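Residue numbers (UniProt numbering), protein chains in the order written: chain R, 1 to 330; chain E, 1 to 981.
Hints in this document: simulated from the structure, not taken from any laboratory.
These figures come from a predicted structure and were not determined experimentally.
Every residue gets a Cβ at the ideal spot worked out from N, C-alpha and C, and that includes glycine.
Careful: at least some of the hints might be erroneous.
[As the list claims (entries may be wrong)] DSBU-like mimics (lysine-lysine), calculated; alpha carbons at most 35 Å apart, straight line:
#, chain 1, residue 1, chain 2, residue 2
1, E, Lys639, E, Lys200
2, E, Lys138, E, Lys57
3, R, Lys126, R, Lys196
4, R, Lys102, R, Lys92
5, E, Lys900, R, Lys28
6, E, Lys329, R, Lys131
7, R, Lys105, R, Lys288
8, E, Lys753, E, Lys774
9, E, Lys48, E, Lys825
10, R, Lys28, E, Lys281
11, E, Lys900, R, Lys243
12, R, Lys216, E, Lys329
13, R, Lys126, E, Lys311
14, E, Lys57, E, Lys274
15, R, Lys81, R, Lys276
16, R, Lys99, R, Lys181
17, E, Lys311, R, Lys81
18, R, Lys216, E, Lys311
19, E, Lys311, R, Lys185
20, R, Lys28, E, Lys829
21, E, Lys829, E, Lys104
22, E, Lys829, E, Lys892
23, E, Lys311, R, Lys288
24, E, Lys57, E, Lys40
25, R, Lys243, E, Lys311
26, E, Lys284, R, Lys28
27, R, Lys92, E, Lys311
28, R, Lys288, E, Lys900
29, E, Lys892, R, Lys28
30, R, Lys81, E, Lys329
31, R, Lys196, R, Lys276
32, E, Lys329, R, Lys274
33, E, Lys825, E, Lys774
[Stated by the list, open to error] Quick list of the computed label-pair ranges, beta carbon to beta carbon:
#, chain 1, residue 1, chain 2, residue 2, range
34, R, Thr235, E, Lys57, 44 to 52 Å
35, R, Val36, E, Glu719, 38 to 46 Å
36, R, Ser143, E, Lys57, 40 to 48 Å
Read off the chains here:
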Amino acid sequence: MTDTDRGTQRDRHSAFSLFTQQSLPACKPVLTPEWVIMTFLFIGFIFIPVGLVTLRASHSVVEIVERYDIGCVPEPFRIDKVSYIQDDSIPKNCSLSFKVPKYMKAPIYIYYQLDNYYQNHRRYVKSRSDKQLLHGQNEHGISSCQPVEVNNDRPIIPCGLIAWSLFNDTFTFIRNRAELKVNRKNIAWKSDRGHKFGKNVYPFNFQNGTLIGGGKLNPTIPLSDQEDLIVWMRTSALPSFRKLYGRIEKDLDVDDVVVVHLMNNYNTYSFGGKKKLVLSTTSWLGGKNDFLGLAYVFIGSSSVTIAVVFTLLHLLSPRHYEDTSYLPWN
Amino acid sequence: MSGWGTPSRTVTLGRVQPQSPALRTIYCNHREANFAHRYKGNSISTTKYNVFTFLPKGLYEQFRRVANLYFLMVSILSATPYSPVHPITNMVPLSLVLLFSLIKEAFEDWQRFQNDMTINNSLVDVLQAQGWESLQWKKLQVGDIIRVKQDGFFPADLLLLASTNVDGICYIETANLDGETNLKIRKALERTWDYVTPEKACEFKGEVQCEQPNNSLYTFTGNLVVDNQTMPLSPNQILLRGCSLKNTDYIVGTVIFTGHETKVMMNSMNVPSKRSTLERKLDKLILALFSTLFSMCLLGAIGSGIFIDRKYYYLGLSQSVEDQFNPSKRFLVIILTMLTLLTLYSTIIPISLYVSIETIKFIQSSQFINKDLNMYHAESNTPASARTSNLNEELGQVEYIFSDKTGTLTRNLMEFFKCSIGGEMYGTGMTEIEMGVAERKGIKVQEAKTSTNSLREKGFNFDDVRLMQGAWRHEPNHDACKEYFRCLAICHTVLPEGEETPEKIRYQAASPDEAALVLAAKNFGFFFYRRTPTMIYVRESHVEKMGKTQDVSYEILNVLEFNSTRKRQSVVCRYPDGRLVLYCKGADTVIYERLGTGNDDLNKVTRVHLEQFGSAGLRTLCLAYRDLAPDLYESWNEKFITAKSSLRDREKRLDEVAELIEKELILIGATAIEDKLQEGVPNCIQTLSRAGIKIWVLTGDKIETAINIAYACNLLNNEMKQFIISSETDAIREVEERGDQTEIARFMKEEVKKQLKQFLDEAPQYFCSPSGPKLALVIDGKCLMYALEPSLRIMLLTLSLNCSSVVCCRVSPLQKAQVTSLVKKGARKITLSIGDGANDVSMIQAAHIGIGISGLEGMQAVMASDFAIAQFRFLEDLLLVHGRWSYIRLCKVVMYFFYKNLAFTLTQFWFTFGTGFSGQRFYDDWFQSLYNVIFTALPVVIVGLFDQENCRNMGLFCSVSISSLLLLRISFKFNEQGFRW
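Pulled out of the complex, with its shape left as it was, chain R reads as follows (with noise of 0.2 Å):
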């Protein structure tokens, strides 16, 4: 059976040969002192000026983070602040200040930030219908809403917790005296606005029930257009997480006072959530993340570290290649 390729001068030296063979050409580095340490100050020399250029592209943005799921419940409802949330007598206004602490160049994006918020979890994360979404009344594809798929006998759209649920705070924001315009169009993604949200879909039936979980829409207007909902739907992976609110289109200089004018309306007190409203600038590797920067600059350093110690151990105690008494059998 092997005989066969066993014979020719050419044969022995094809591809298939040198495999049978095991001799294929291949790397077989042997790991010398002088290699070793040569790449550890290989991997220090790359790794170290790429977490400083990445720590340095973090620290140009500017973020200004403000919590105020407690500022904003006045003094004497602080004691329990669920029932203050849940009164729709009480009004929610609530204003907060902050002054810009460093030049900030347009545009400034504006998230607001929930923590503690588990928009992850399995049910809340099934609770919709993509198909309704995207199409409209579909009295089949709702099943999949539970439990808030219909309403007095008439579906909901958009059905499911996620909808149901729907941030509606709401923030202006005033620059001396004057109203800062924030853009609120173009926040979600434009594949979810053209091709998972119908253009022919209107709200229906939608907070109609006893229960009230968070905003309301505008039944007029379609669902590809309720950029808010679009940007809501799009569930995050973690339970502490951002959505994008806005762009404010102007730069704001250092010490600029901005006051923020917003409706306390959601629901985080329950649960025990934390608010806050984020505004940031981006450079060209997106927002501030210090975290990459710095575990560059960790790995190189330590790279650079032990090739250090390894030369002064290669220096001091150097050891013979190929000297056996070192196998672990001996």
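Could you slot chain E onto chain R? The hints should help.
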């Protein structure tokens, strides 16, 4: 006809059965009568499945693997609403794995089926209505009379009735059965010789009573009853399925066993399959994974029970909540989430692990081991062959090698080298071993001078002017010489082939020793040239003048065959002048036990010679004869014939009868045959022992021969401290001479115990000092028998494990196996047995890995082995390259598997903590389902095939004996890393 009725009536009597049920009765040429017995047809099927059983049976086989069963369970679970993933997530990998395995099974089975069909549909001539008619094999029935032509294969086990050759003999080749290519003679009973033509054969009515089908290839007991005359049948009349007819125009036979009841089929049934240690360890690892999985699920499930709360109003938990998220039923939540998580984390079980490992091993054995040019023996055109792909990596963990000597360490090319005739030693050569010994002693070896007229031929390397060219006639003991040469020429079972001239003849012998002896006789002028079942023809040149020859025919009356218990072979022959002689040749011990009194001087001198031969590494046999008085012979022959025709324990009874005549023998002399070491054996052994592998030699040879071979192979040297436990001591001999068996046994046991104890006390002082000598143990078969008894076994084991080499001589095949399993079970180390002959089969099967040398002694060892190589020295490549690489690769593959699955699943696990323990999935369904079977399948296989250390030729760096715990240890290390990810 009345005779036929009786047995069938007894069958209907049922339980009373005056006739033994162990017999089957066959009515030749009488289909109706046989029909009542419902014998099986002759069609065979070696397939595992048929069209209907393929799916159920094949799936059943697949689901016997825990991982597959688990995935089936998970797939069912994922079809329930508790599953976070789509059912395809678990269904796809399972079905891909099943599909792959089933296609493989189906393909293999289809090939078997095709093979069966070709065999079942081949044609054979069957006697029907006064003529031969071609019939398919599968239509053959028990009792049919058939004709097989030259070079044809026998379609079933046949009883030979007649042959076109004279005297009803035919020649068969048994290569398919045992790989032996020498022709064997079969001879029909004289009573049936005439039934050659269809006209005659039609008249044949007979009844065969024989044993039930069994798998013993070399035994058969039965009787043929024709016209109320009972004749004994022996294996000599039986033609087994699988053999082929040679040198005979055609034979006529009657079918006795068909289809699956034939001996060859019954042999092929149960091949003991060996599982590798790695595979068994894998099971444990998978169990560990299962427990990891379970604890992860439990942790997540408990978390979910704690997490779920109505305060998370956005989860809508206040009304009509399904059980899995109902905060009022927390216990149920835990149970159901457990199920959810089981489906979610299913990727932790590497479902494709077995399939991948099988693929890797298959390629390793079929492409690397089988095609390695370094293990290809060009002279015999034999590549190495891995007969199983299960054990590749086991090769890399071998710590003990048990090696046969003859044919394994040595070439098994027997050359007649020296002889001792009538107390005189002849032969001037010097063996390699003698030269080695001399060199060690510091004596200069002079180049052996070869006399000009020395005859050298393959199998004959003898040189002594006193004997060659007919010079022996002038020796003082020329009568002894004549007797000696006659014994060589007559007492054997060799078949001559080819032209009947000394130059062109070829001898077909069961063992090369026999051929060498007959060849020697030829060279001394006793040319054996023709054999018929009753006669042996020898061309003798014992007359005074050179060149004048005389053809003498000896009538062979009885042949008492060689077997491993008898260790001797005898022939009773009648000279043309009527002299009756028994010639016997055999191992020295058995011959000396049977020598008559008188001639003590000769016996003593010959014993000295035997010891000298032994120490020169030569294989010795003693020759003896006995003149028989006609009446003594006649009375013995009657007993012999009854024994031969007995149905039960025929072998044993024949042996007993043989004892009666093989006594009071007169010693003629001894032969010494050289068996040279194979090429590269000493180097190979040295490399292996540097790699930490201990080598034991288990041989049937004498203690001196064994020790010398061990010296020649670098197994022993003078720096070693040798412990020798031998039964050849004066004290033991003294007790033996008294002859009381129980006393001998008791004494021997005491002696062995005493020695073992003494050596055990001695051993630590050498063993503990670092510069001390290495230890070696030499023990012979008789002592071993006692040392292997349960009470002494532990002592033997401890002693031998401390020795770097062990030599066991004069051991029987069974003892070889016992020693192997002693180490295998007692020391829990990986053992390897290597041998080439039928006597090594039990040892090969007992060890973790059996290796057969495809050499001259037939193929039985190879058939029983896991790997077959052509030369002992290839063991180095097989173990240190293929074994080690396979082992390292597979360890890496296993670790890789665990790593990738843990990394994948643990990510999912951490994510569970961020989702309120709800079991939300992290990966896309398709990604998760194809991760194991598609996306990561190839990288693993590539590691399993290509990963290499830099060490094909680096000798020491290739040491194999890594602690067997390595795998476990390393994979746990990898697991931990997986966790950190």
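- Task: For the pair we were handed, lysine 311/E and lysine 185/R, check the Cα-Cα distance against 35 Å.
- Result: Holds - the C-alpha atoms of lysine 185/R and lysine 311/E are around 34 Å apart, at most 35 Å.
- Item | Restraint status (C-alpha distance of lysine 243/R to lysine 311/E at most 35 Å) | holds, 23 Å
- Task: Assess, step by step, whether the Cα of lysine 81/R is no farther than 35 Å from the Cα of lysine 329/E, and give holds or violated.
- Result: With Cα atoms ~28 Å apart, lysine 81/R and lysine 329/E stay inside 35 Å; holds.
- Task: For the pair we were handed, lysine 900/E and lysine 28/R, check the Cα-Cα distance against 35 Å.
- Result: holds, 24 Å
- Message: Given the hinted pair lysine 81/R and lysine 276/R, is their Cα-Cα distance within 35 Å?
- Response: holds, 17 Å
- Query: Are the Cα positions of lysine 288/R and lysine 900/E separated by 35 Å at most?
  - Reply: Measuring from Cα to Cα gives roughly 32 Å; hence the hint holds.
- Is lysine 126/R within 35 Å of lysine 196/R, Cα to Cα? Holds. Lysine 126/R to lysine 196/R sits at ~16 Å (cutoff 35 Å).
- Query: Given the hint that lysine 48/E pairs with lysine 825/E, does the C-alpha gap stay at or below 35 Å?
  - Reply: holds, 33 Å
- Has the given pair, lysine 105/R with lysine 288/R, been kept, meaning a C-alpha gap of at most 35 Å? holds, 14 Å
- Task: Mind checking the alpha carbons of lysine 57/E and lysine 40/E for me, to see if they're no more than 35 Å apart?
- Result: Since the Cα atoms of lysine 57/E and lysine 40/E sit roughly 24 Å apart, the hinted pair holds (cutoff 35 Å).
- Keeping to a limit of 35 Å between CA atoms, is the pair of lysine 196/R and lysine 276/R held or broken? holds, 28 Å
- Message: So if I understand the rule, the pair passes when the alpha-carbon distance is 35 Å or less; does lysine 216/R with lysine 329/E pass?
- Response: holds, 33 Å
In summary, this structure violates none of the numbered hints.
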